[in-house]
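Enquirer: Sequence:
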Amino acid sequence: MKSILTSLRGAFSILIYAINTVACCIPIFAVALVRSLVPIRPVQTFCRRLLTGIASCWIWVNNMNQRLSNGIRWDVQGLDGLDPRGWYMVVANHQSWVDILVLQNVFHGKIPFLKFFLKKELFWFPLLGQAWWALDFPFMKRYSRRFLRKHPHLIGKDLEITRKACEKFRSIPVSVMNFVEGTRFTREKHSRQRSPYTHLLRTKAGGLAFAMAAMGDKFQEIVDVTIAYPQGVSSFWDFVCGRVKEIRVRINILPVSSEMMGDYLQDAEFKRNFQDWLNRLWQEKDQTLDRLLVVNEC
1 MKSILTSLRG
11 AFSILIYAIN
21 TVACCIPIFA
31 VALVRSLVPI
41 RPVQTFCRRL
51 LTGIASCWIW
61 VNNMNQRLSN
71 GIRWDVQGLD
81 GLDPRGWYMV
91 VANHQSWVDI
101 LVLQNVFHGK
111 IPFLKFFLKK
121 ELFWFPLLGQ
131 AWWALDFPFM
141 KRYSRRFLRK
151 HPHLIGKDLE
161 ITRKACEKFR
171 SIPVSVMNFV
181 EGTRFTREKH
191 SRQRSPYTHL
201 LRTKAGGLAF
211 AMAAMGDKFQ
221 EIVDVTIAYP
231 QGVSSFWDFV
241 CGRVKEIRVR
251 INILPVSSEM
261 MGDYLQDAEF
271 KRNFQDWLNR
281 LWQEKDQTLD
291 RLLVVNEC
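Position 225 of the sequence shown, counted from 1, bears residue number 225 in my numbering, the numbering being contiguous throughout.
Hints were generated in silico from the structure; no laboratory data involved.
There may be inaccurate statements among the hints.
[Claimed, not checked] Listed below are the simulated EDC-like cross-link pairs for lysine to aspartate or glutamate, each with C-alpha atoms no more than 16 Å apart in a straight line:
#1 K119 - D136
#2 K271 - E259
#3 K168 - D217
#4 K110 - D80
#5 K218 - D238
#6 K204 - D276
#7 K245 - D75
#8 K218 - D83
#9 K164 - D136
All chains should be built: construct the whole structure from the sequences, respecting the hints.
Expert: As structure tokens, then:
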């Protein structure tokens, strides 16, 4: 009986997510159409602000849905000093689709609307993919090293997409989100990469470095986020069913320095230094996860 009630709770929560998504996508698509048809900078800036407002309402309803249906204990530290009217680069570890809902919940109203780097294939995700496109989320095409050896003219193509996307972010306050591992953590991927970390995959610094080069003068700070699920990483279905009992989040605010901005493709020394800085950050994050993943005995 308990299992049935849990599943019903999950189904009802998903229904609320779906209704909210449809209700918000309609005005998002309408405003995006106006922005496409009227190539005047003030009009496009106004449309981007309006789109961000609609998306923020979507996040607010989703957060209320989580509060009413999930009963999660949130352990969040480090939110002090953030500005909803600022520009931020946000980096985080990545374990599950739930991470995105966690970030949207934690940062709603604290920093500007989060813009994620997405895989190109996600554009075809019904409604959401097209809404992300309308909201100027950058879609990235990942190429393997083997593929690039056969097609060298595509080297740096994904970084050029990053640069163009960041140009759109300069007109209104924004938080640019980057999962620098490039994919969700699994033990299989961890083993295949021979990752030097216990709880993390190897970092992919190129996208972050290019975003910093394109917008570093705008970013006030870097927001480093560590997300931990003490009872284990759960699926979206577990999340909506209320099986995720506790989520721990630690936020570390880092200054932006001129040393973080340079030519990642052409300057070998800058590339090496940037990778070293990011790897040190990931070592600290791995140690933080060691502490956060300890389950408190009651």
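Enquirer: Hint by hint, say whether it matches the structure.
Expert: Here is what the structure says about each hint:
Restraint check for K119 and D136: the C-alpha separation of about 13 Å stays at or below 16 Å, so the hint holds. For the proposed pair K271 and E259, the alpha carbon gap of about 11 Å is at most 16 Å, so the pair holds. Proximity of K168 to D217 is assessed by CA-CA distance (about 14 Å); at most 16 Å being required, the pair is judged to hold. At roughly 9 Å between alpha-carbon atoms, K110 and D80 fall within 16 Å of each other, so this suggested pair holds.
With a CA separation close to 38 Å, the supplied pair K218 and D238 exceeds the 16 Å bound. For the proposed pair K204 and D276, the alpha carbon gap of about 12 Å is at most 16 Å, so the pair holds. Of the supplied pair hints, the one linking K245 and D75 holds, its CA atoms being roughly 11 Å apart against a limit of 16 Å. In summary, the hint linking K218 to D83 is supported, as the alpha carbons are separated by about 14 Å, within the 16 Å threshold.
A C-alpha spacing of about 10 Å is found between K164 and D136, which places the hinted pair at or below 16 Å, so the restraint holds.
Violated hint for the displayed structure: number 5, the only one.
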